[in-house]
Amino acid sequence: MPVINETLGQYSELFMLLAAGTYTVAFIAFAWDLAKSSKMLRAVDLKAAASSATEKVTVAAGRAGGSLSAPDAGGPAGRAERPTSGLTVEGGTAAGDMKYGAERRAPARVAVALTVLGVLIHGAGVVTRALGAGRVPWGNMYEFLTTGAFVAVAVFLIVLIRRDLRFLGTFVIGLAIIMLVAASAAFWTPVGHLVPALQSYWLIIHVSIAVLSSALFTLTFAMSVLQLLQSHRQKNLSTGGADKLGFMRLVPNALSLENLSYRINAIAFIGWTFTLMFGAIWAEKAWGRFWGWDPKEVWTFVIWVVYAGYLHARATRGWTGTRAAWLSIVGYACVIINFTLVNTVFNGLHSYSGL
Amino acid sequence: MSESVKAKKKSPAAEGANTADGKLQQAKSEAALPALGFKGMLRWAWTQLTSMRTALFLLLLLAVGAVPGSLFPQRAANPVTVTDWIKNNPATGPFLDALQMFDVYSSAWFSAIYILLFISLIGCVTPRAIAHYKAMKSQPPRTPKRLSRLPEYGTLALPADAGIPASKAINDAAGLLKKRGYRVEVRDADGDLPSLGAERGFLKEVGNLVFHTSLIGVLVSVAIGGLFGYSGQRILVEGDTFVNTLVGYDQFTPGTNFQSSSLQPYSVQLDKFEAKFDRGESPGKAGQPIDYTAEVTTKETPDSPAKKEVLKVNEPVSLGGTSLYLTGNGYAPMVTVRDGEGNVAFQGPVTAKVQGDNYYSSVVIKVPDAKPEQLGFQGFFLPTSIKNEAGISYSAAPELFKPELTLDSYYGDLGLDKGVPQNVFEMDVRDLTQLNGRKLEAGGITLLVGQSQELPDGKGSITFDGVKKYIGVDIHHNPGQLYALIFGFLAVAGLVMSLYINRRRVWVRTGTHTDGRTMVEYGLLARGEDHRLAGEAAALRELFAREWNVPETPDTDTKTVSSSTSKDQ
Ligand code: HEM
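Quick mapping for you: the protein sequence lines, in order, are chains A and B.
Heads up: the first sequence begins at 1 in the UniProt record's numbering, then just goes up one per residue.
Heads up: the second sequence begins at 1 in the UniProt record's numbering, then just goes up one per residue.
Be careful, since some hints might not be right.
[What the hints assert, rightly or not] Straight-line alpha carbon distances no greater than 30 angstroms define the calculated DSSO-like cross-link-like pairs of lysine-lysine that follow: (1) Lys307/B to Lys285/A; (2) Lys285/A to Lys308/B; (3) Lys468/B to Lys312/B; (4) Lys418/B to Lys402/B; (5) Lys459/B to Lys418/B; (6) Lys371/B to Lys87/B; (7) Lys299/B to Lys285/A; (8) Lys371/B to Lys285/A; (9) Lys272/B to Lys137/B; (10) Lys39/A to Lys244/A; (11) Lys307/B to Lys469/B; (12) Lys439/B to Lys285/A; (13) Lys371/B to Lys299/B; (14) Lys87/B to Lys134/B; (15) Lys272/B to Lys402/B; (16) Lys353/B to Lys299/B; (17) Lys402/B to Lys276/B; (18) Lys371/B to Lys439/B; (19) Lys235/A to Lys39/A; (20) Lys371/B to Lys387/B; (21) Lys285/A to Lys418/B; (22) Lys276/B to Lys469/B; (23) Lys87/B to Lys285/A; (24) Lys145/B to Lys285/A; (25) Lys285/A to Lys402/B; (26) Lys36/A to Lys285/A; (27) Lys371/B to Lys418/B.
[Said to hold, decoys possible] Every beta carbon over 10 angstroms from chain A, so not counted as near; a handful from chain B, in silico: (28) Asp97; (29) Ser261; (30) Gln288; (31) Val313; (32) Asp413; (33) Val496.
[Stated by the list, open to error] Pulled from the structure, derived: some chain A residues nowhere near chain B, Cβ distances all over 12 angstroms: (34) Pro107; (35) Leu131; (36) Leu160; (37) Ile178; (38) Ala197; (39) Ser200; (40) Leu237.
Hints were generated in silico from the structure; no laboratory data involved.
Ideal Cβ placement from N, Cα and C applies to all residues, glycine included.
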């Protein structure tokens, strides 16, 4: 048994608080960026309105040429050929490739810098917690929340290196703040040993993959919500309606959001498949059966099936776009239920999570 | 099924380019429904069942169907809880029971969903496998007339003095594509406009098929486990030996096809059990268990050499095709009971059933051998007994700091001779006469280790000799398990292949310009989702340029379709 170091544990809690504080400032900066940039973009849009009219026509023509598809796609009835959000209007949305543009968004830069600072402090909190307990820092609700929030922010920042997803900042950072506050307020647990049921290397493998996949699902959830909003807005704009969601100018078009979230969901689905399998292997080691429909197992399965449904929807005619986005949202709702209700309310073999 | 109807109505619009002809056909097939014969009906039903929309619908239904099993207690896991639940909810209980809400995963409706899903899956996978096998053996499709209409398109011009005629260019291109893993067919190599068709990524579909087939494999493995497996439980007090025969088990659940001859008569003796508890190492968690270790001696067969092994939570012991798991533990107070005639009628450990915090446990002692009358005791065992202000004892710690037995005693007929199986943890006192008890004149029995107490009326005596520990062991044999694991990993491998291999087609056409330059044009097409198609086009362009030494000038002809699917990366 490793020795518990309470001093480190207290440092860890201090770091968590500091991280939450830093995130709060970052959150404000992200929100400011949304407000400011959308105003600026509107001005740019208005100026460029005349010239862009012609450009749009060529873009649309190129697209029509591109949608040529192989005539001999075999497979079951109702199989979709290509994903479509059914919308081609690009006006009033950010670039679909989600690459960094030339324009300088000072508040966004400040926000990202603060987020990096926050995640470093947060990371220090997670590491000191681990050192204090002499084990991986995910053995109870408090630790799931603090480590989970860290992973969510870290994954977000890693994706930011390649893609300009800063428009998701308010959402991701807001969620991280909620998780940290919930951890400290409702689930606070001092550093301690693991109960025997959790003393297994499978805890390291199974839970880390689960947390990582959940972080990815968090991103796609946010993107799917934005996709629905954007698709609604694009439809509205294309029929000449007024733009009521000005901040959505900063967000790419619905189809781009759909495509990127599909790719992230595909990775997360593989991760979740591993989560489920490793969970089963661990259950076999700990309880002698690899599957017993314990509430936690049920919900892990439900999540898996819903996201399998999502992947299917993307391959089913009439189910791409908006409906697939809804499935992605439902899947995430199940992730949340699995994490909150199932850990706290339902009782099963998994209810040792430190409550 | 309203979903599929809705989607169906929408589909012509969604397709957009649907001709009037197609619409007419669709209208026909919908209208023709009542006129179908029996065979036609079957075919129609089969098409419906194996369609993507139905698969999606069944998948979502499966997800919804699984949920009630987490809301209500399940018989398979907690039969007692279910009985209590129904008793406590007389209004809804029986109704929910009729809906099989307490047996969700073996219920008729849940089974119907997954069986339909798997039939749909087989109906889906089989024709696809056949179609794909054919596709893999056939040549890449013919070169389209206008390559420029493909999503990725580009041209290269080779200077006249380079000495690369159209026919050489096409063969070079074929070589390069082959090296890159494409299957290539060159057409009209010596004609005016030689061209080639190339295709790669057949493993994508293979991956998809492997994935779906493996799911069937997992299901079958689980079924095999249910048919030929078995599981059981046994409580072992320190010093006890378990022999793997039917009578050795306290509780035994055979699979449907179980034969008792398949039990290998190995033996396990519990030498020592140790539980460690948190003692002030982490604040607020005092008394939380941090380690359970059981030392056992095993024998593979009655004649094999004895082997010392350690059994822990998360570290099962494998023996004779089964696995043994440490799933519970508790205390077994040792008592000696003398009967009215002064003879020892019972001596040994009694397993106490843990009821509350800090191993607050219930105890039942049945002494059928006591003469002239049978004796029975029931009460509680506390490892660390402390009295609160109200004078009620409770257990203050999980360790044996001050073990205490508090018992009531009875005499009469225990009813053990009637042949009706009885729960060892419970005693029916209705036909017994009480001797000791808090409300009786004689009072209850309270014993510390080493103490004994005479029963009233010379009925005998009871002595608390000491405390041993016991463990609960689960024994499982599941022959399907390994296969389920293998199919599980196969499924993941298939999934990764299917999601990350891209199925692509490339066509190249070469020709000679009137000014003597050799013109090369190429086009790429992806089947399904492929966000790296543009990247592949760029890579091919670079390969071609290097092969023919064409200076890489910005190519005004290269077309990139404005959609993020192909533009990014
Ligand atoms: C046990 C239930 C099923 C599960 C868990 C499941 C899961 C999946 C997953 C995760 C994918 C995405 C990976 C890929 O693109 O290959 C997929 C694709 C696919 N599934 Fe299933 N599936 C199930 C049943 C079915 C059934 C019944 C059908 C037939 C109607 C079907 C037909 C397909 C097809 C055609 C694809 C490929 C989509 C594409 O071309 O992109 N699946 N399935």
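| said: Hints numbered earlier in the text: which of these fail when held up against the supplied structure? | reply: Numbers 4, 6, 8, 9, 12, 13, 14, 20, 21, 23, 24, 25, 26, 30, 31, 33, 38 and 39, in rising order.
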